[in-house]
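Engineer: Below are the chains, spelled out letter by letter.
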Amino acid sequence: MGHVCTKLAVVMGLAVAAAGPALAQLAAPPVTTDALYGGKLLATGGVSQLEGAGGGGLTPWALISGYGTDNQIGGNAHFTHIKSQDFHLNTYGAAMGLYDRFEFSVARQEFDTENVGAALGLGRGFTITQDVIGVKVKIAGDAVLDQDRLLPQFAIGAQYKHNNRGALLRTLGAGGNDGVDFYVSATKLLLAESLLLNGTLRFTKANQTGILGFTGDYKPMLEGSAAVLLNRHWVLGAEYRMKTNRIAAVAREDDWYDAFVAWFPNKHISVTVAYVRLGNVVIRDNQNAAYLSLQVGF
Amino acid sequence: MRLINGRRRFLIAMACMTAARVIPARAAADPLADFGGRDGIKAIVDDLELNYMSDARLRPFFANVDRKRISQQLTIQFCSLLGGGCEYTGANMKGVHRGLGITMEDFNALIEALQDAMDKNKVAFRAQNRLLALLAPMHRDIVEA
Chain A
392 MGHVCTKLAV
402 VMGLAVAAAG
412 PALAQLAAPP
422 VTTDALYGGK
432 LLATGGVSQL
442 EGAGGGGLTP
452 WALISGYGTD
462 NQIGGNAHFT
472 HIKSQDFHLN
482 TYGAAMGLYD
492 RFEFSVARQE
502 FDTENVGAAL
512 GLGRGFTITQ
522 DVIGVKVKIA
532 GDAVLDQDRL
542 LPQFAIGAQY
552 KHNNRGALLR
562 TLGAGGNDGV
572 DFYVSATKLL
582 LAESLLLNGT
592 LRFTKANQTG
602 ILGFTGDYKP
612 MLEGSAAVLL
622 NRHWVLGAEY
632 RMKTNRIAAV
642 AREDDWYDAF
652 VAWFPNKHIS
662 VTVAYVRLGN
672 VVIRDNQNAA
682 YLSLQVGF
Chain B
1318 MRLINGRRRF
1328 LIAMACMTAA
1338 RVIPARAAAD
1348 PLADFGGRDG
1358 IKAIVDDLEL
1368 NYMSDARLRP
1378 FFANVDRKRI
1388 SQQLTIQFCS
1398 LLGGGCEYTG
1408 ANMKGVHRGL
1418 GITMEDFNAL
1428 IEALQDAMDK
1438 NKVAFRAQNR
1448 LLALLAPMHR
1458 DIVEA
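For the record, the sequence lines run as chains A and B.
All residue numbers for the first sequence refer to our numbering, where the first residue is 392 and numbers rise by one.
All residue numbers for the second sequence refer to our numbering, where the first residue is 1318 and numbers rise by one.
Think of the hints as simulated: they come from the structure by calculation, not from any bench.
Bear in mind that the values here come from a model prediction, so they are computed numbers and not experimental data.
Cβ atoms here follow ideal geometry from the backbone N, Cα and C, with glycine treated the same way.
Hints may be right or wrong, so weigh each one.
Stated by the list, open to error - Cβ pair distances, simulated, as ranges:
#1 A:Ala639 x B:Pro1454: 20 to 26 Å
#2 B:Ala1346 x A:Ala468: 44 to 50 Å
#3 A:Ile674 x B:Lys1439: 30 to 36 Å
#4 A:Gln476 x B:Arg1457: 25 to 31 Å
#5 B:Arg1386 x A:Leu627: 40 to 46 Å
#6 A:Trp654 x B:Asp1347: 33 to 39 Å
#7 B:Ala1462 x A:Thr562: 40 to 46 Å
Unchecked claim - Partner residues aside, some chain A positions facing chain B, computed with beta carbon under 8 Å:
#8 Ala426
#9 Gly430
#10 Leu432
#11 Asn462
#12 Gln463
#13 Leu536
#14 Asp537
#15 Ala583
#16 Ser585
#17 Arg623
#18 His624
#19 Asp645
#20 His659
#21 Ile660
Kindly produce the complete structure, drawing on both the sequences and the hints.
Structural biologist: What follows is the structure, encoded as structure tokens:
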């Protein structure tokens, strides 16, 4: 009896499955019930930037992280590993995009000094940990769809940063261990050219993104990205990030450059690999790093 | 040439690459060549119709309309936008989409359906983007929710 019932249930299930769409069509109102997430085009949420904001690898973009449209929300988590000859940095965090307008992000950066820590008497593997809380608001334009206008998409943002080595940094004359960066980003997709351009102006007191403290007054720093869309899933680009170099006597700081490849197999995962020229870091010159970042989200 | 140092040579190479990107050869010949001519555009639009009818997000917008006419109009419109010598005299975009409650995610879903149709018809990615760039600004007339 149970067996027959199971069979009957399966048949009924199949019948409903077959008739369902037709019935749904008859009953359907002229307007769809839209999904709550995932409505933006592939890759248009960018990847996770070093401090957790939606952007390229080094610099924030005006795009709002995630795949939510103006009716939707989006969110993602990321892990990034950067390894140079003498140091490594792990950073992980999460971002949320609300209505393609607001972006909130958190990230933790763990800068491991490896053998340099021992050389400085701090101990091998001495690590500076910095937490970053970010907020970004889109203020004008649509980088992707306004293809008949040159006006880029603009966003303003702030990143509050706090690292756990205040005493050491004050001893080194590197100032305090917390600060806020403010930035404005302009991003434009030149779709007919399959080219994405971004410029960011950041006002900051941070040394090496804040991991080496915050010194003096705000200084404007330029950052830029250029990327070529190879197809829907692959993006190739390069970036530049100007640095303040305010504690040159202790630890000279150089501008950063990178070249990256990002892969977006679908709207739930992206992988970015890059080669980054960091220049001098603490007491080691010519640091070149491999960069690997994984993002999962919606 | 030997006098030119590495950095200058790099800059010159970059400038040449940029020029090659900005001044492509597309001005020449048939503007529809990358799309397989008018027949190619018709094939793309036919596949677009298959795609939007098999997409649960899009089907409700097209279920009860004259899809044959829409496909004819889209074929002419795409040809016209690309400079293929067709004259689009069809409906005004704002007028025909008024009251449909089309959202940004619906609009993007149709772009994805068109991308899939162009992929199927072997249209090169860069050519696809040229058409999409011409269509994208229409979001201001089509999206209203």
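Engineer: Determine for every hint whether it applies to the structure shown.
Structural biologist: Against the structure, the hints come out as follows:
Checked against the hint of 20 to 26 Å, the C-beta distance between Ala639 of chain A and Pro1454 of chain B comes to roughly 48 Å, which is inconsistent with it. Distance hint check: the CB atoms of Ala1346 of chain B and Ala468 of chain A are about 48 Å apart, consistent with the given range 44 to 50 Å. At roughly 55 Å, the beta carbons of Ile674 of chain A and Lys1439 of chain B sit outside the given window of 30 to 36 Å. Look at Gln476 of chain A against Arg1457 of chain B: about 51 Å separates their beta carbons, and that is not inside 25 to 31 Å.
Distance hint for Arg1386 of chain B and Leu627 of chain A: a CB-CB separation of about 42 Å, consistent with the stated range 40 to 46 Å. Between Trp654 of chain A and Asp1347 of chain B the CB atoms are about 34 Å apart, so this pair conforms to the stated range of 33 to 39 Å. Taking 40 to 46 Å as the suggested C-beta distance range, the pair Ala1462 of chain B and Thr562 of chain A does not conform, at roughly 58 Å. Interface restraint check: Ala426 of chain A against chain B, minimum CB-CB distance 7 Å, threshold 8 Å, status holds.
The beta carbon of Gly430 of chain A is positioned within 8 Å of a beta carbon in chain B (closest approach about 3 Å), and the interface hint is therefore held. Below 8 Å, beta-carbon pairs count as interface contacts, and Leu432 of chain A has one with chain B at about 5 Å; its hint therefore holds. With a cut of 8 Å, the hint placing Asn462 of chain A at the interface with chain B holds, because the nearest CB-to-CB distance is about 6 Å. Using the Cβ-Cβ criterion of 8 Å, the hint placing Gln463 of chain A at the interface with chain B is satisfied: the shortest such distance is roughly 7 Å.
This hint holds: Leu536 of chain A has a C-beta 5 Å from the nearest C-beta of chain B, less than the 8 Å allowed. For the restraint placing Asp537 of chain A at the interface with chain B, the shortest Cβ-Cβ distance is roughly 6 Å, inside the 8 Å limit, so the hint holds. Of the supplied interface hints, the one on Ala583 of chain A holds, with its beta-carbon coming within about 4 Å of a beta-carbon of chain B, less than 8 Å. Interface hint at Ser585 of chain A: satisfied, since its Cβ lies 5 Å from the closest Cβ of chain B, which is below the 8 Å cut-off.
Checking Arg623 of chain A against chain B by beta carbon gives a least distance of about 7 Å; that is within 8 Å, so the hint holds. Taken as an interface hint, His624 of chain A does not check out: its beta carbon lies about 10 Å from the nearest beta carbon of chain B, beyond 8 Å. At a threshold of 8 Å, the smallest CB-CB gap from Asp645 of chain A to chain B is about 17 Å, leaving the interface hint violated. A distance limit of 8 Å between C-beta atoms decides the matter here; for His659 of chain A the minimum to chain B is near 15 Å, and the interface restraint is violated.
This hint is violated: Ile660 of chain A has a C-beta 17 Å from the nearest C-beta of chain B, more than the 8 Å allowed.
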